[in-house]
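Protein chains: 4
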Amino acid sequence: MKKLNAGLIGYKFMGRAHSNAYRQVNHFFNADAYIVPRALCGRNQTAVRAAAEKFGFETYDTDWKSFIKRDDIDFVDITSPSNMHMEMALMAADEKKHIFCEKPLAMTAKDAKTMWKSAKSAGIVHQVGFNYRFVPAIRLAKRLIDEGKLGSIYHFRGLYLQDWIVDPNFPLVWRLDKNVAGSGAHGDINAHIIDLARFLIGDFKKVMGMKKTFIKRRPIVESMDGLSASGISSGNMGDVTVDDASIFMAEFKSGAVGTFEATRFATGRRNGMSFEINGSKGSVKFEFERMNELQYYNASDPSYQQGFKLISATESEHEFAGAWWPPGHIIGYEHTFVHEMYSFVQAICSGLKANPDFEDGYICCKILDAVDNSIKEGGWIDV
Amino acid sequence: MKKLNAGLIGYKFMGRAHSNAYRQVNHFFNADAYIVPRALCGRNQTAVRAAAEKFGFETYDTDWKSFIKRDDIDFVDITSPSNMHMEMALMAADEKKHIFCEKPLAMTAKDAKTMWKSAKSAGIVHQVGFNYRFVPAIRLAKRLIDEGKLGSIYHFRGLYLQDWIVDPNFPLVWRLDKNVAGSGAHGDINAHIIDLARFLIGDFKKVMGMKKTFIKRRPIVESMDGLSASGISSGNMGDVTVDDASIFMAEFKSGAVGTFEATRFATGRRNGMSFEINGSKGSVKFEFERMNELQYYNASDPSYQQGFKLISATESEHEFAGAWWPPGHIIGYEHTFVHEMYSFVQAICSGLKANPDFEDGYICCKILDAVDNSIKEGGWIDV
Amino acid sequence: MKKLNAGLIGYKFMGRAHSNAYRQVNHFFNADAYIVPRALCGRNQTAVRAAAEKFGFETYDTDWKSFIKRDDIDFVDITSPSNMHMEMALMAADEKKHIFCEKPLAMTAKDAKTMWKSAKSAGIVHQVGFNYRFVPAIRLAKRLIDEGKLGSIYHFRGLYLQDWIVDPNFPLVWRLDKNVAGSGAHGDINAHIIDLARFLIGDFKKVMGMKKTFIKRRPIVESMDGLSASGISSGNMGDVTVDDASIFMAEFKSGAVGTFEATRFATGRRNGMSFEINGSKGSVKFEFERMNELQYYNASDPSYQQGFKLISATESEHEFAGAWWPPGHIIGYEHTFVHEMYSFVQAICSGLKANPDFEDGYICCKILDAVDNSIKEGGWIDV
Amino acid sequence: MKKLNAGLIGYKFMGRAHSNAYRQVNHFFNADAYIVPRALCGRNQTAVRAAAEKFGFETYDTDWKSFIKRDDIDFVDITSPSNMHMEMALMAADEKKHIFCEKPLAMTAKDAKTMWKSAKSAGIVHQVGFNYRFVPAIRLAKRLIDEGKLGSIYHFRGLYLQDWIVDPNFPLVWRLDKNVAGSGAHGDINAHIIDLARFLIGDFKKVMGMKKTFIKRRPIVESMDGLSASGISSGNMGDVTVDDASIFMAEFKSGAVGTFEATRFATGRRNGMSFEINGSKGSVKFEFERMNELQYYNASDPSYQQGFKLISATESEHEFAGAWWPPGHIIGYEHTFVHEMYSFVQAICSGLKANPDFEDGYICCKILDAVDNSIKEGGWIDV
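Chains as they are written, first to last, in the working numbering: chain P, 167 to 549; chain L, 167 to 549; chain V, 167 to 549; chain Z, 167 to 549.
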């Protein structure tokens, strides 16, 4: 079978998720190619070597520039902090390597557009890591909407609620530094629900938002590689330069209206991504912490039998679910990465466009930027 | 409009629920008669007078025998402890008064049968207080089953979980005294799910059970009327003579199988009555603490859309629900009594049989007795 | 016992709820006065007579002006459409009658202020019908917040989702006419969550919103009294002059941020009022269709035991709950009116301020108006 | 690092789950040895070769006897149908290979005891596949019980509800043939909740049960290897020789009582394993289709704050959970196998007893047999 050599940049949270995905695609899906975990890249030699061994990579590198140029990798998989995405992706496109890049695609819509254009000109396959598109229950929502089961859409209501920095002593990690992360909850998690809204109900027309930073200064810690939350406290405090919460209202081109809220200050909510969509004929509800389930309301049910149905998207008819276990045997977070990586492999092998690709990543950044502008202007901004 | 003078015996928990039901029938339902709260009966003069005033009764009595013979009452409503039911009901039947009697109908199936036969010969309307039959969501379950939506029934699974006597210092109230209460969880709450099983899926064939008393001795308290949990501790301990938990397996005449569990030792479960019914074409689930909701699974839904639907039985099409509020505005525990009292009034006015009547009360006692016999015999007993 | 003669204006949905509350206060609460359902007022003689009989009123009237002046009523209870509130309340204040008035208090903040000032000068007791403040589970949320269990509040997230006009053929009832109703979802249901937010976490600082009317023309029907949804279709269409959905973002004086969404186009949601509040030490969640339950997250639980706890606010310790049934036996929608009417009676008898009073009604209108202004201005408006 | 060569027998459902576990242990856990997927064994050469390639095995075999004797495997992992377990395990013990064996350990308690004794004498590490012991949320239940948080246990209530053979046209697969499977729902799924009850609350004292076969004859199909549900219908019908449902009551040595129900006829329930445990100080509830969650009720919470808490067992403090993803990012069914395989590896490396081992497998079979005897005898049987 055809082999695809993977070159992965980054070995933290996303690095683990992606390298796991390579293995699981090979073992659970009938993909058109076999993914070889060829090379891993990271700045710290000790750490990257240990990660390469743990994750099963054949080799590793510490210099991303020479890494991207290696002859023995077919695609570059970028999971570094956001501020490195563009430079890496532009070089990979130059090298005609296919690219998988984590979200948010770039620090600004302008950069994201550059990345998209460059990837497009290079003729490579490019995909952005909106992994929630690959949840079977969300695919089911998409299917119901595409089949017209919800009719005309009136409302999208999306939340992404986390609580990992509620403690004011939580340190000033890179995700709280605008220069590295670009933004806070805004680009990190509101980006996910923005993309889902587009995926499910279509294009945005205009937005108006607000942001909030509740805790403005936090302790600085010295960590091995500057990326980790653990480490020795320096005794100093530094400014949080990103938002703790990002909220906005939207109108879609279809006339539907939407609300979006992302926060890292929703105490008790660990990873509470959820949405609800109401249409003229039905509605769906989804919560990520019960990601195998979709609730579906069908307004054409007999009146005495109406209600939200709790569907376990674990049947063989549910997209991606059939590759795993019998109905009622749930899958978890990491499976979303397996599904997106499988789709990436299939796109490469077929020569077709990946979905979501850099254009989707760019449009998401455009919406994020429009929200930022609406905050600056104090009013509605067209997307 | 026709008036029906009510004579209510008992003014505690059930007395409050029944007297409230009289008022609410008058104001929310278009019944064929208006219920007059004519007279209240209780042993303690001070207490019964206060209750009569609070509940809106015109008069009160302390002697139940002369009370039942009063010319100015049309029906006798019995909410006294179980050991008084038979004597009171027999006299009321002699007096040709219609009778509403709380469950369990009697201390034994034999007594219950005597009550039923006597009421039947007297030609009066007789009803037993299985109020859970009058929950709109349970009526919906009944409707779905009667319409064949569940197909052939395979399983009934009933629970009634409470925790009000988990504390070993909870005193020896009348409900823990076999001479007054007849039994513990068995007749008090397993009776409810037995009746629901009959109501919903039909007759029992045979049973086999077990009972358990976890706390065998409890403090004796002296209370004003011997019925209350509060009072001055006597410093003495007495034997608990009823079961804390009652569990049994059953086979129905249809071939379905059932499990029944009632306990007062399910810590954290205040009034956890629930059941699930599985048939060849569908299933239903119900939980009393969310009594407005029924879950319904329809096996003929398209495979990718299958799941339990959460129906709020608050639509005007749902039996009894239309008399109250708009959809989604829930009703509560007390409404079950309003519905059963409305049905009782309609039976009296129409001359038709009440449902559930003393025969249903008797059959429930027969099943309770059969479980007791199965425990004595250590094996299956035909009902 | 002291008696209070009630004079109720209106006999539809709210009229039923209020008249029921009078009876239930008398029978379930130990109030300092007994409420006498003295007189009912409505425009249509046949209908008001029937309602008076059904609801148990001693007399009725069809002219509200003479009605308010009657000597035999102690308080006026206003449940007419919003456009009548001010005129009626001003006259009642002139007459030194205590006033209970449904929400929204008035068509504009200006009118509401006039009503408040007039009631205040008259020295009467005045209360506004924010009945959701009287849900025991919401009182529990209030208690937890007041006890500091949630710490500093960061987020309020309120929804009021209904679906009763999703059908484009639903007729042009008075609630869809700006001249009678003032606004649509905005004043009808967003008002409820605005009031709850104030009640629970304090004053608003600024708001920015949007409104949407999805279905702009609807069939006109001729009904007996112009208020009902049923009636003979006129064959004509008319303009919907109110909003179908009202959405806004808010900042509170405390620094907390809030989102508010009210809609009549959330298919499948019959009466989906819900909110979530996140603080530095904990969070609460509430859904009205399961109104007996509050979810509470305590961040100081041991880390391996953290989670949202589902509390059934049916214990005797839960405010108002002890007047009803044992734990786990739920109450329903109508009970909120009983609780508010009980509180109104107690305020009258004690001479203390009612809560919520016309000032609360006025502030709510001020916030509603501020949202309207923010829409006109396209930006943030200080409250 | 030390390597352990795995020899896996069977490549269907359990074969996929076990081979996945090998890989994932290597990549997510810090085990004391690395598992090498050395050899796969199955009867059908074409199928086993394909599976070996898919699952990543280096070699394969079709003769289990020579397979077990191979020098290059360190442990034998048995996932064949139940009727083959004993013969295979006895040979593996003779060969001094460590053994992992799927449940039920054997067709009878007698055989299971022979297997246990033989493994024990051989001095090998032996483990039985009760994978549900390895669910983090169930470990949390265990922890709470062991810490005394539930006090004295009164009730265990276990259900295992499936619906995969409700359709009477579902064919007569090996799991419905007593000679191959031993029993139906009884040994297949009631075995799981029996083991969990033992694991969580201790030893059984006596049992009394019933079994039911609802559909007594089913179509015979010819399949490639006699094990699969798919295949060409033979046009003939055959007898179902196992139970569709298995129900029993139990008393534990501690005095607690239990109910157990396993069925393949609970329409709408795909893999509905659930249990509830009530103790004097608290309770826990678990449902497998939401396997990341445990509900915990603490009776010592302040009375106005009591309720079941929904704990997501995805924190680093939750056993096994820390090896995966951040809190709130759930895991799935397959992870239970990874955890049990990790434990097996650690037992082999440390020389300590595995848990659960063949003795646990034997005791479970003894309880299954006791239930069968209670059915034959029609009464209680001591375990």
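Careful: at least some of the hints might be erroneous.
No copy is singled out in the list; a pair is fine if it fits within one copy or between any two copies.
[Said to hold, decoys possible] Capping the alpha-carbon separation at 30 Å, the derived lysine-lysine pairs in DSSO-like fashion look like this:
{"id": "1", "residue 1": "LYS168", "residue 2": "LYS178"}
{"id": "2", "residue 1": "LYS279", "residue 2": "LYS231"}
{"id": "3", "residue 1": "LYS315", "residue 2": "LYS382"}
{"id": "4", "residue 1": "LYS451", "residue 2": "LYS262"}
{"id": "5", "residue 1": "LYS315", "residue 2": "LYS447"}
{"id": "6", "residue 1": "LYS447", "residue 2": "LYS378"}
{"id": "7", "residue 1": "LYS447", "residue 2": "LYS382"}
{"id": "8", "residue 1": "LYS447", "residue 2": "LYS308"}
{"id": "9", "residue 1": "LYS308", "residue 2": "LYS382"}
{"id": "10", "residue 1": "LYS447", "residue 2": "LYS283"}
{"id": "11", "residue 1": "LYS382", "residue 2": "LYS419"}
{"id": "12", "residue 1": "LYS276", "residue 2": "LYS178"}
{"id": "13", "residue 1": "LYS378", "residue 2": "LYS419"}
{"id": "14", "residue 1": "LYS372", "residue 2": "LYS419"}
{"id": "15", "residue 1": "LYS542", "residue 2": "LYS419"}
{"id": "16", "residue 1": "LYS378", "residue 2": "LYS283"}
{"id": "17", "residue 1": "LYS286", "residue 2": "LYS451"}
{"id": "18", "residue 1": "LYS447", "residue 2": "LYS235"}
Calculated from the structure, these hints are not laboratory results.
Could you work out which earlier hints the structure fails to respect and list their numbers in ascending sequence? Numbers 4, 10, 16, 17 and 18, in rising order.
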